[in-house]
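Residue numbers (the working numbering), protein chains in the order written: chain F, 1 to 288; chain A, 1001 to 1353; chain S, 2001 to 2247.
FYI, nobody ran anything at the bench for these hints, they're computed from the structure.
Mixed in with the good hints, there may be bad ones.
[Claimed, not checked] With the Cβ distance kept under 8 Å, some of the chain F side facing chain A (calculated, not the full set): (1) Gly103; (2) Thr222; (3) Leu264; (4) Leu275.
[Stated by the list, open to error] Quick look at which bits of chain S chain A covers, simulated, 3 or more residues with Cβ under 8 Å: (5) 2089-2103; (6) 2108-2118.
All residues carry an ideal CB built from backbone N, CA and C; glycine is no exception.
So you can see what is in the structure, the chains are spelled out below.
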Amino acid sequence: MDIVIIGLLLGGTYALMAMGLQLQYGVARIMNLANGEILIAGAFSTFWFYAGTKVSPLLALFLVAPAAFVLNWAIYRVLIFPLVRRAKSQGKLEVDSILVTFGISFIGVGILLAIFGGEYLDYSYLAQPIFIFGERYGLNRVVAFLASAALCAGLYLWLHKTRAGLALRAVSVNPGAASLVSINVARASGLAFALGGAVTAVGGGLLSMFLTFDVSLGVVFTLKALVIVILGGVGDIRGTIVASFILGFAETAVATLVDPGLTLAAAYILFMVVLLVRPEGLFGRRTA
Amino acid sequence: MNAIEMPQVARVRAGVTARERRNLLIGTLIFVAAGLVPLVFGGYALQLAISIAMYTALATSWLLFSGPTNYIALSTAAFFGIGMYTVAGGIDLVPYPVLIAAAGLAGAALAAVVGLATLRVSGIYFVIFSLGLAELVRQVMTWLQHVLGTMSGLYVTIDRDEAEYYWQLLSLTAAVFLVGWWIGRSRLGFALRIIGNDEVVAVHCGINTARAKVILFVISSMFAAVAGALVAPRWSYVEPVVAFSPFVSFQVVIMALLGGTHRLWGPLVGVIPFVLIWELIAINFPNQTTLLLGVCFLLIVYVIPNGIVGLIEDAMNRRGKLGGSASGPLLRALDASAVSVRNLLQRRKSHNA
Amino acid sequence: MPSASAAEALSATAVSKHFGGLVAVEDMSFQLAEKQVLGLIGPNGSGKTTMMNLISGALRPNAGEIRLYGEAITGIGASRVAKKGVARTFQLVRMLPAMTVLENVAAGGVFGHAKRWGKELEDYAHGLLRRVGLPDAGHALVSALTYIDQKRVELARALASEPKILLLDEWLAGLNPTELRIGIALIEQLRTEGCTIIIVEHVMHAIRSLCDRCIVMNSGAKIAEGTPAEVLADHGVIRAYLGDADA
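This is chain F alone, in the form it adopts within the complex (with noise of 0.2 Å):
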């Protein structure tokens, strides 16, 4: 019960960051290797604002979502768009846009280890326990929980009730048929690539509130992000969600069971059954 509560209050929140990859790469179909950086980065910036005012690190997040925003679409502007621009195909602004970000991703440790250094990241925020069917779990996992699952059904709403939002789920569904509707494409796709950013950095100041962080960690969450995304379907948000609370509850049951230096072999043990048994995800689209 008790791998069932942490699994799926850790599930919870990492759904923001996979719907901030999900809206990178299904919208703005960039696969963004870069994500755990600009997730650490976020993690990183909150504590920053925490450890430097004393203020809680919720209000921090509303420093560190436009920051991150601005951040995110510049990188689209300036590195990514021209990609965009000289691939004659889907495939290969995909082989561009995996070669540049994991540039990127490099270029991120590497300003990340010049601002915080290579220390690990751990401060003590709402660790009060709280009480849920007996038992007692972390305030602040509860807490994070709470804020991600806003959050998320924001987002949700956003997409499905704006006008900004129908643009991009078009754009994620047909990008041809969305410019043919007099959607501007680029400026959904830069839009979605700088509000993934957003929902990732924040998704990774609310992990900070009770994971370990240091700035090498980025690849594991980058794919954690991805298998969860993959899990859900690539374009379906309800798969993320649903795929989110998967993941959770598989690695606090093998960080419970097993060891809890084997989180990544959770996730991979998921991606495995995915490739086996379904390959276009739990919600995805199969065709022929």
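Given the coordinates of chain F, assemble chains A and S onto it according to the supplied hints.
For chains A and S alone, coordinates are given in the frame of chain F:
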């Protein structure tokens, strides 16, 4: 990134053509000359030469797979690390040559699992899988040692001359080139070229495309594992963080891209300048190495996407030095780009399928 | 279910294929005897190419069975079906653009039903090029060829595997009248040599002159079967193509 170009001879012809004989001769001379390096240089220069030899072996074997398939393998560190660990783990139990073979087999086994799981599905899944593979293997290795009650690191106590490392790595590099050349002339190479042109046609010609790619990936990864095994004794203490360092994967990709992915000797041309530049950077900016590595990478992707080989061939074409078929390589490169674009589009389609 | 006899090259039994809610092929059954030429005709969207894809293994049927000389080939995958002796051309010609004509032809003869390599393969490929009327084209790049010549290369590539069954998917499409004459003559030649062929076509006079039997499809189902003359006079067929007013 464009499809690797096998030497342009109609692959259906058996025997060795005059042009191939010339290339073999040039290659042999280069290797013999390279072999003389330790007799002339020592100390620091020899250290650099060892790095160059190692990275050439790694980058060229990387190209063996990622060139023809256009799938960017980010997993070199995983196999390199496995090779190191096989030696480090068994050094007190088993003779060293057996360990080298065991390392190769371990790498092949892992590659087979990864390949069979991902290469039948899509190239993107393969790339993603390879991204975290080194980290995964590192975690598992650390856990296994925890379970077995040993320390994370392993002591390796073999006394060896630096020159010996160099010659071993040089031999490995020669083996990679030979295998690459042989594949180009073989049925497997022909199958890969067909796959690279049009995968649907390839399937309807009776080619088991997934198996061809898996075989190629296994060969490529085996070399990486053996490279790791050969250099393991240089560290007296092998730690997971060092053995599975993501830098190895990254640097291999950079060097291959810098040199050019069109030719088998492309990576060699990229390794040499890169190792030298890297030394300069590491000495002068020791705290910004990761950052500068990323910047270099982006510069290469944006400014010289075809690598040094691409620049050389463009220059030669402009001066018409290739005589009658001056447009040959350039045209072929353009054709190859057009082809690889179309194929990546189809791969994307089959990824969605 | 019809029993497999030595002369029955291909049999399809109750084959169905749907894509989500769209039924592309519905309950198709037919037999093809050895050395016969079968025409598969029907209006656009009737499922002919889907049927070809099902036979060649490019698609997997949702129901039904396909047998090649009595051996089940349903759902085993296109590369294995090719190895067993089914070769095809494509509706839109698929060349290997960065390879020479000779290599394109040879590609069909290495991994599939017939396996050759080296000098033997090279000679064999040259022979095939002569057979389809391109005796000197070996070292040209396919991008330099005219459309009919590319189709010839694709045909040679299919023949390179010494197929038991040849599938020609609208092979005559897009040809001008002169090229059409040449194309029909080529298929006629193959027929005389004893090839077993299924052709999907819209060119009716080709169907009449080349096919021993015809099957008409409409909306995924078989609506008529018989000789070309019988089938093209059938009211149901005329209605399918032209609508009720002309029936």
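- Counting residues of the segment 2108-2118 of chain S whose CB is closer than 8 Å to a CB in chain A, do you get three or more? Since three or more residues must qualify, the claim that chain A covers the segment 2108-2118 of chain S holds, with 7 doing so at under 8 Å.
- How about Leu275(F): closest beta carbon in chain A under 8 Å, or not? Leu275(F) check passes; min Cβ-Cβ to chain A is 5 Å, inside 8 Å.
- If you take the shortest Cβ to Cβ gap from Leu264(F) to chain A, is it below 8 Å? Since the shortest Cβ distance to chain A is 5 Å, the answer is holds.
- Task: May I ask you to test the interface hint for Thr222(F) with respect to chain A, counting a Cβ-Cβ separation under 8 Å as satisfied?
- Result: Constraint on Thr222(F) satisfied, holds at 7 Å.
- Query: Taking 8 Å as the limit, does the beta-carbon of Gly103(F) come near enough to a beta-carbon in chain A?
  - Reply: 4 Å, holds
- Message: Count the residues of the segment 2089-2103 of chain S whose Cβ falls closer than 8 Å to any Cβ of chain A, and tell me whether that reaches three.
- Response: Since 10 is at least three, the answer is holds.
Hint compliance for this structure: every hint is met.
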